[in-house]
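Peer 1: Spelled out, the chains give:
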Amino acid sequence: MYVVRYPLPQGNAPGLLITVLRAVSQDLGYFIESEKGRQQLAIKRTVGEWILKYGYCLYPSEIKPEAHPEQGPVWEWEVEHIHEVMDRLGANYQKTGPGILRSVPDEDLKELKKIFDVTGGTERFRKIEEYSRKKADEMGLKFGDGDDNEYFMHIYTTNNNKHTSRE
Amino acid sequence: MKAEGKKRIWLDYQKEIADDRFFYVRSCVRQNFFPASEKVFLQIMKDELGKDVFENASHTTARALAITVMWFPSKRQ
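In order, the protein sequences belong to chains Y and B. Each residue of the first sequence is one higher than the one before, counting from 4 in this note's numbering. Each residue of the second sequence is one higher than the one before, counting from 76 in this note's numbering.
Here chain B stands alone, though its shape is the one from the complex (with noise of 0.2 Å):
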């Protein structure tokens, strides 16, 4: 495949990030086993970079690996 068209048709894989204003959703296996990574990463983001970043008490973590990893929903509502 030549070079450009390679490039073209991984431009349906690029995503947009947007520059400020996330909404941050944690991860289960970075909270457990290096959580002070958490905590500095916010701190580099609010602190630092001066960005606005919400996170929820009620977001619940472990949708990647629930949906992807060992679970797959059976039935389809």
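In isolation and in its complexed conformation, chain Y is listed as follows (with noise of 0.2 Å):
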């Protein structure tokens, strides 16, 4: 994850190249012009709301098996007992104090909001779903909250499947 902090030695930095592009297609809505783009509402709506309820990226409770039919039948499993399965690898999830997936306390919680509203990384979460909101409209799909609606489930399944072709 530094990689992109640090310039190559030829002197550039492709990741941040990328990083600022992402930025501006999200700020001037240019990302709802494409599949790929489009998805970025339902990385801002998991990924980027998780590290704000919760202080991870990533969280249990929010994970459904159904969205990742890949898992196979043993994710599926361990998201049923996860309670257990985490206490016998040693987490400690949910709990508090340190250790894996601890409960973040919620001070700390409201830091990274603060994080997030100071430095326009709220905003920029608005935008996104302005922006998704109105491609709804425009594809006349139902938008809604959170992943239970038309436009949401379009985005997360849609795949043309040309975008490694060469053609």
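Hints may contain errors.
[Stated by the list, open to error] Computed list of lysine-lysine pairs in BS3-like fashion (alpha-carbon distance at most 25 Å, straight line): (1) Y/K56 - Y/K98; (2) B/K77 - Y/K98; (3) Y/K98 - B/K114; (4) Y/K47 - Y/K130; (5) Y/K165 - Y/K98.
Treat the hints as calculated values from the structure; they're not laboratory data.
Take the two lone chains and join them into the complex the hints point to.
Peer 2: Okay, here's the thing in structure tokens:
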């Protein structure tokens, strides 16, 4: 993850350029014009919101096995028995104090939110929602909160299978 | 580019790693998918190697993801 911060010996930093281009795309709403760009709403509503809600970009209670069929029945079983599994693996899931998947204190979550507020992250979240709603209207798809709506499921599941094609 | 020149350039990117007294920054991906590896890693560091590893309950994860993958500050304060 640190790689993008430092230029290559040639003096450029491709990761930073990509990050900046994506930021501009979010600010100006260009992201809604491509299949992969539209998926930024899904990233915002999962990874993005979970960071602020739990302090983690991934969090077991939010992971739905039906949304990840590639993970198979073992994963589904693990989610169903998450507390017992985490205890046996030495985690501190949803408990206080340090440790694996501990509950992050409220004051720290408030600090995270403040960081998003002052650096423009919150405003960018708002724009992702606003532009996505506009695109949903344009496409004639129902738009709503969370993942239980037509537009979200469309961007989550649609794949034209041409992203790696040379044709 | 000559091999000697390459070595000199990459020296700028070498990081110094402490011998002891670490602050442990957890990975949210690893905590979710490989929690036991986090436990074993700390066991090796603390119990087997005798290293001083500190962690804090207030530490939130996903900083790297938040900053470099999906979210980039649009305003510099």
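Peer 1: If a hint holds in the structure, say so; if it does not, say that too.
Peer 2: Against the structure, the hints come out as follows:
no.	hint	verdict
1	Y/K56 - Y/K98	holds, 15 Å
2	B/K77 - Y/K98	violated, 55 Å
3	Y/K98 - B/K114	holds, 16 Å
4	Y/K47 - Y/K130	holds, 11 Å
5	Y/K165 - Y/K98	violated, 45 Å
In summary, the structure is inconsistent with hints 2, 5 from the numbered list given earlier, while agreeing with the others.
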